[in-house]
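Colleague: Chains A and B, in that order, give the protein sequences.
Quick note: the first sequence uses the working numbering, first residue 61, plus one each step.
Quick note: the second sequence uses the working numbering, first residue 149, plus one each step.
Hints listed in this document are in silico derivations from the structure and should not be mistaken for laboratory results.
The reader is advised that the hints may include incorrect statements.
[Claimed, not checked] Footprint (simulated), chain B over chain A, 3 or more residues, beta carbon under 8 Å:
no. : stretch
1   : 77-91
2   : 95-104
3   : 122-128
[As the list claims (entries may be wrong)] Derived lysine to any residue pairs resembling SDA-like cross-links, with alpha carbons at most 25 Å apart:
no. : chain 1 : residue 1 : chain 2 : residue 2
4   : B       : Lys255    : B       : Glu215
5   : A       : Lys86     : B       : Gly241
6   : A       : Lys86     : B       : Asn178
7   : B       : Lys202    : A       : Lys73
8   : A       : Lys73     : B       : Gln190
9   : A       : Lys86     : B       : Asn193
10  : A       : Lys86     : B       : Leu194
11  : B       : Lys202    : A       : Gly158
12  : B       : Lys202    : A       : Gly102
13  : A       : Lys86     : B       : Thr168
14  : A       : Lys73     : B       : Pro187
15  : B       : Lys202    : A       : Pro159
16  : B       : Lys202    : A       : Phe129
17  : A       : Lys86     : B       : Ile192
18  : A       : Lys86     : B       : Gln190
[As the list claims (entries may be wrong)] Sample of chain B residues lacking proximity to chain A, with all beta carbon distances greater than 12 Å (derived):
no. : residue
19  : Ile160
20  : Glu163
21  : Trp188
22  : Thr214
23  : Ser223
24  : Thr239
25  : Asn242
26  : Thr245
27  : Val254
Ideal placement from N, C-alpha and C gives every residue a C-beta, glycine not left out.
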Amino acid sequence: DAGVTQSPTHLIKTRGQQVTLRCSPKSGHDTVSWYQQALGQGPQFIFQYYEEEERQRGNFPDRFSGHQFPNYSSELNVNALLLGDSALYLCASSPSIGPEAFFGQGTRLTVV
Amino acid sequence: GIQVEQSPPDLILQEGANSTLRCNFSDSVNNLQWFHQNPWGQLINLFYIPSGTKQNGRLSATTVATERYSLLYISSSQTTDSGVYFCPLITAGNKLTFGGGTRVLVKP
Chain A
61 DAGVTQSPTH LIKTRGQQVT LRCSPKSGHD TVSWYQQALG QGPQFIFQYY
111 EEEERQRGNF PDRFSGHQFP NYSSELNVNA LLLGDSALYL CASSPSIGPE
161 AFFGQGTRLT VV
Chain B
149 GIQVEQSPPD LILQEGANST LRCNFSDSVN NLQWFHQNPW GQLINLFYIP
199 SGTKQNGRLS ATTVATERYS LLYISSSQTT DSGVYFCPLI TAGNKLTFGG
249 GTRVLVKP
């Protein structure tokens, strides 16, 4: 079982650019959630995808968008990057029945 | 919104010592997990524990849902226990609400 995998692991972007982060869920999981973790803080919920639809959304601007594919993998897109978007982005997957979540290793995004 | 309060915020231990980490919740506890975030950022599952007590090696956890708190016990701590510990509450739709974490440093 490969677990949750994220790519890339590290990324440096310039302010104003756009970025796409990718996540493959754990085998048998169909729900994918994205979290942003700023330095020294706990992760904050961005949004969640189930059956290729955004099911829940946290308090993040529309610059943050996502997608889920038929194979349950997911992308997180951030437009018009700000310096404050620099953070560790974490992807979590869970089964549709049963709440236990499993996380990927994260993508560390630096905006300069 | 739901608040997750973790204490202590920072903990320094000598290798071999025991410790207790605590989480208090502002809302009713239906489901929660404990995670260890290693220095590379990976969140590692420790326990899924909506109620009762579970043990896994040197770690054990207890959740008292009626009193809205959970405890994580670390016995005979090792340097590999260093990192940040989180106890997110799982709410509707499997959304996790995190607190600020407890930063643990185990010194050799």
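Colleague: Are all C-beta atoms of chain A more than 12 Å from that of Thr239 (chain B)?
Modeller: 9 Å, violated
Colleague: Checking one constraint from the list: CA of Lys86 (chain A) to CA of Asn178 (chain B), max 25 Å. Satisfied?
Modeller: Roughly 24 Å between the alpha carbons, so the hint for Lys86 (chain A) and Asn178 (chain B) holds.
Colleague: If I take the minimum Cβ distance from Asn242 (chain B) to any residue of chain A, is it greater than 12 Å?
Modeller: Answer for Asn242 (chain B): violated, closest chain A Cβ roughly 5 Å.
Colleague: Please check whether the stretch 122-128 of chain A has three or more residues whose CB lies within less than 8 Å of a CB on chain B.
Modeller: violated (count 0)
Colleague: Does the structure keep Lys73 (chain A) and Gln190 (chain B) at a Cα separation of 25 Å or less?
Modeller: At roughly 22 Å apart (the allowed maximum being 25 Å), Gln190 (chain B) and Lys73 (chain A) satisfy the hint.
Colleague: Given the hint that Lys86 (chain A) pairs with Asn193 (chain B), does the C-alpha gap stay at or below 25 Å?
Modeller: Holds, because 13 Å separates the two Cα atoms, which is no more than 25 Å.
Colleague: For Lys86 (chain A) and Gln190 (chain B), compute the direct alpha-carbon distance and say whether it is at most 25 Å.
Modeller: The given pair, whose Cα atoms are some 15 Å apart, holds under the 25 Å limit.
Colleague: Within 25 Å, alpha carbon to alpha carbon, are Lys202 (chain B) and Pro159 (chain A)?
Modeller: 17 Å, holds
Colleague: Between Lys202 (chain B) and Gly102 (chain A), does the CA-CA distance stay at or below 25 Å?
Modeller: 24 Å, holds
Colleague: Run the C-beta distances from Glu163 (chain B) to all of chain A and say if the shortest one exceeds 12 Å.
Modeller: 25 Å, holds
Colleague: For the pair we were handed, Lys86 (chain A) and Thr168 (chain B), check the Cα-Cα distance against 25 Å.
Modeller: Not satisfied, since the Cα-Cα distance of roughly 31 Å exceeds 25 Å.
Colleague: Are the Cα positions of Lys86 (chain A) and Gly241 (chain B) separated by 25 Å at most?
Modeller: 18 Å, holds
Of the numbered hints stated above, those contradicted by the structure are hints 1, 3, 4, 7, 13, 16, 21, 24, 25 and 26, listed in ascending order.
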